[in-house]
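Peer 1: Take a look at the letters that make up each chain.
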Amino acid sequence: MKSTHVLKGIYALWYREFKVFLNERSRILSAVFLPMFWYFIFGSGVGSITTTGVNYQHFIFPGFLAMTIIFSSLFNGAYIVWDKKIDFLKEVLIAPLSRTTIFVGKVAGGMTDALIQAFILIIIGAIIGIPFTVVNILYTVFILFIFTIGLVSLGLIIGSFLESPESFGLVSSFVVYPLFLLSGALYPLDTLPSWMKILTHLDPATFAVDGLRNVILGISSMSLAQNLSVLIAFDVSLILIGTWAFNRMKL
Amino acid sequence: MVTLKFMETATPAIEILGLKKSYGELNAVNDVRLSVGRGEIFGLLGPNGAGKTTLLMMLATLLKPTSGDARVNGYSIISQPSHVRQSIGMVFQDPSSDELLSGYENLKLHALMYDVPWKAIDQRIDTVMSLVDLSHRKHDKVKTYSGGMRRRMEIARGLLHQPAVLFLDEPTLGLDPQTREHIWKYIESLARETGMTIVLTTHYMEEAEKLCQRVAIIDYGKIIALDTTQNLKNQLAGDVVTLKVKTLETATLHQLPFVRKIEQLDGRLQITIENAGKNLKSLLLAAGEIEEVQVRSSDLNDVFLHFTGKEIRETEGDTLEHIRVMTSAKQSR
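Just so you know, the sequences run in chain order A and B.
According to the numbering used here, the first sequence is numbered sequentially starting from 47.
According to the numbering used here, the second sequence is numbered sequentially starting from 58.
Since the hints were made in silico from the structure, they are not lab data.
Be careful, since some hints might not be right.
For lysine to any residue, the following SDA-like pairs were computed, each having C-alpha atoms within a straight-line distance of at most 25 Å [stated by the list, open to error]:
#, chain 1, residue 1, chain 2, residue 2
1, A, 131, B, 204
2, A, 296, B, 87
3, B, 267, B, 364
4, A, 296, A, 95
5, B, 121, B, 137
6, A, 130, B, 79
7, B, 195, A, 132
8, B, 335, B, 365
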């Protein structure tokens with residue numbers, strides 16, 4: 047296959063995901079407002095009883111960026127289940143494209159959706175007083191970009207194994223909540239009991255949250271290089287699993 | 058004027074070399090061999106569950122055969138699947154477009170996946186959409202299309218990359234009679250104007266008779282007859298007389314020289330005779346006491362009955378079809 051055909055194929059799948067995304071404005075709204083809801087209510091409530099060195103609402107903002115990315119990236123996997131159900135997947139799988147190309151195109155589409163939502167949240171954050179600068183926004187987007195590759199892949203892998211949108215909702219919530227709650231989005235890692243510390247370090251989202259907190263607020267428990275290497279390892283392994291999962295997928 | 062160009066080579070459009078697909082004990086497709094020439098409209102006729110769609114899915118490389126091989130546009134479905142995919146257009150039985158996108162967007166997506174040159178995309182979309190009379194609706198979302206329009210849009214989509222062979226899986230399933238006539242008209246004009254090879258599956262006799270030059274009758278995964286529609290009908294040339302009689306005694310009727318074939322069906326006799334105009338009277342005299350008489354010329358349904366021993370309508374096709382239509386209606390988001 048010509049390399050231009052591969053690129054065109056990736057663009058084709060991205061084009062479709064993006065068009066569908068633009069059509070589902072309610073999803074964009076809920077993806078942005080759910081974290082804001084948490085941020086204000088949970089942030090003010092718990093913030094009044096905890097001390098983290100900085101304003102608690104500022105402290106959890108990177109966590110909510112990660113939350114938006116986790117929810118919207120994984121949710122993308124539901125599309126592949128939906129595509130199976132409406133038989134659209136047949137049209138895609140019968141095209142002269144390799145499954146790897148299809149997978150990469152879908153990942154690109156899902157990443158675009160997730161990053162647009164994160165970007166809206168960054169703008170809201172800047173308005174409500176999170177200390178954003180041009181430089182740390184670039185770092186933030188970079189970390190989110192790296193993090194979302196693995197997450198979208200994870201959603202697609204789950205979707206490739208399932209047949210009904212209902213079961214996708216169920217299975218993905220078993221993944222989404224541990225990812226979010228163990229990530230240190232809501233609490234500092236340094237003061238945790240050691241068993242809990244081990245659990246949080248098994249969660250890739252921990253490294254994204256820590257990295258985001260580092261670049262936005264200047265507080266962190268690990269170095270940015272550590273965070274990024276774990277996230278990149280997470281991406282590489284999920285891309286490999288995802289390519290395998292798409293190749294085994296039957297109609 | 059519509060202009061589409063197709064690959065012309067000496068090889069047949071399709072050559073099936075003993076394809077077989079088994080699911081455990083069940084042979085869904087059992088050692089099928091046939092060849093379809095360039096520019097032919099070829100029909101696979103049989104009841105639901107006969108193996109037509111399975112055969113099509115194997116030719117389209119969506120399903121791996123248990124054994125055997127086939128060449129589509131000269132390419133092996135086993136060793137050159139991506140060449141095969143580039144050579145074929147497929148219109149599935151069930152709608153397979155994204156209804157949240159417009160017709161134009163669905164077609165653009167298809168053109169990109171099949172590597173249609175960037176500059177040619179919009180112009181080709183216009184060409185195929187006008188071929189199926191959908192130009193005026195191309196920017197509307199597919200969910201606003203009727204069932205017939207959606208099928209037409211998907212036929213247009215199958216043509217975008219100028220395939221050598223177009224597969225149509227039950228092209229008019231679940232459509233009302235008027236829409237069905239329309240689709241037939243489009244398929245006929247498509248074949249006339251492009252000279253493209255078209256392979257379609259159907260369980261509608263009328264459809265096979267109206268569209269196809271040659272037909273393979275397929276039942277339980279096997280081809281049981283393969284010929285031009287005319288030749289198949291000639292094999293049981295003549296007229297079909299259906300008699301409701303007091304006694305189902307056929308011995309004397311068999312003696313008559315003009316009687317070709319006698320079958321019993323629902324307590325009636327279905328008798329194929331030569332030249333009903335001349336011989337009907339002698340037949341009726343020989344039959345004894347008669348309650349009802351019907352005479353008509355033979356059609357493909359008789360051919361099917363002749364080869365399989367059952368009527369195509371008798372099979373559970375219609376119930377299945379009904380269920381399918383119900384499910385696809387439920388799936389709209």
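Peer 1: Evaluate each hint against the coordinates.
Peer 2: We went through each hint and held it up to the structure:
With a C-alpha separation of about 18 Å, the suggested pairing of residue 131(A) with residue 204(B) holds against the 25 Å cut-off. A C-alpha spacing of about 22 Å is found between residue 296(A) and residue 87(B), which places the hinted pair at or below 25 Å, so the restraint holds. Restraint check: the Cα-Cα separation between residue 267(B) and residue 364(B) comes to about 20 Å, which is no more than 25 Å; the hinted pair holds. Proximity of residue 296(A) to residue 95(A) is assessed by CA-CA distance (about 53 Å); at most 25 Å being required, the pair is judged violated.
Our distance criterion of 25 Å between C-alpha atoms is met by residue 121(B) and residue 137(B), whose separation comes to about 13 Å. Between the alpha carbons of residue 130(A) and residue 79(B) the distance comes to roughly 24 Å, so the proposed pair stays at or under 25 Å and holds. Of the supplied pair hints, the one linking residue 195(B) and residue 132(A) holds, its CA atoms being roughly 21 Å apart against a limit of 25 Å. For the proposed pair residue 335(B) and residue 365(B), the alpha carbon gap of about 29 Å is over 25 Å, so the pair is violated.
Of the numbered hints given earlier, the model fails hints 4 and 8; all others are met.
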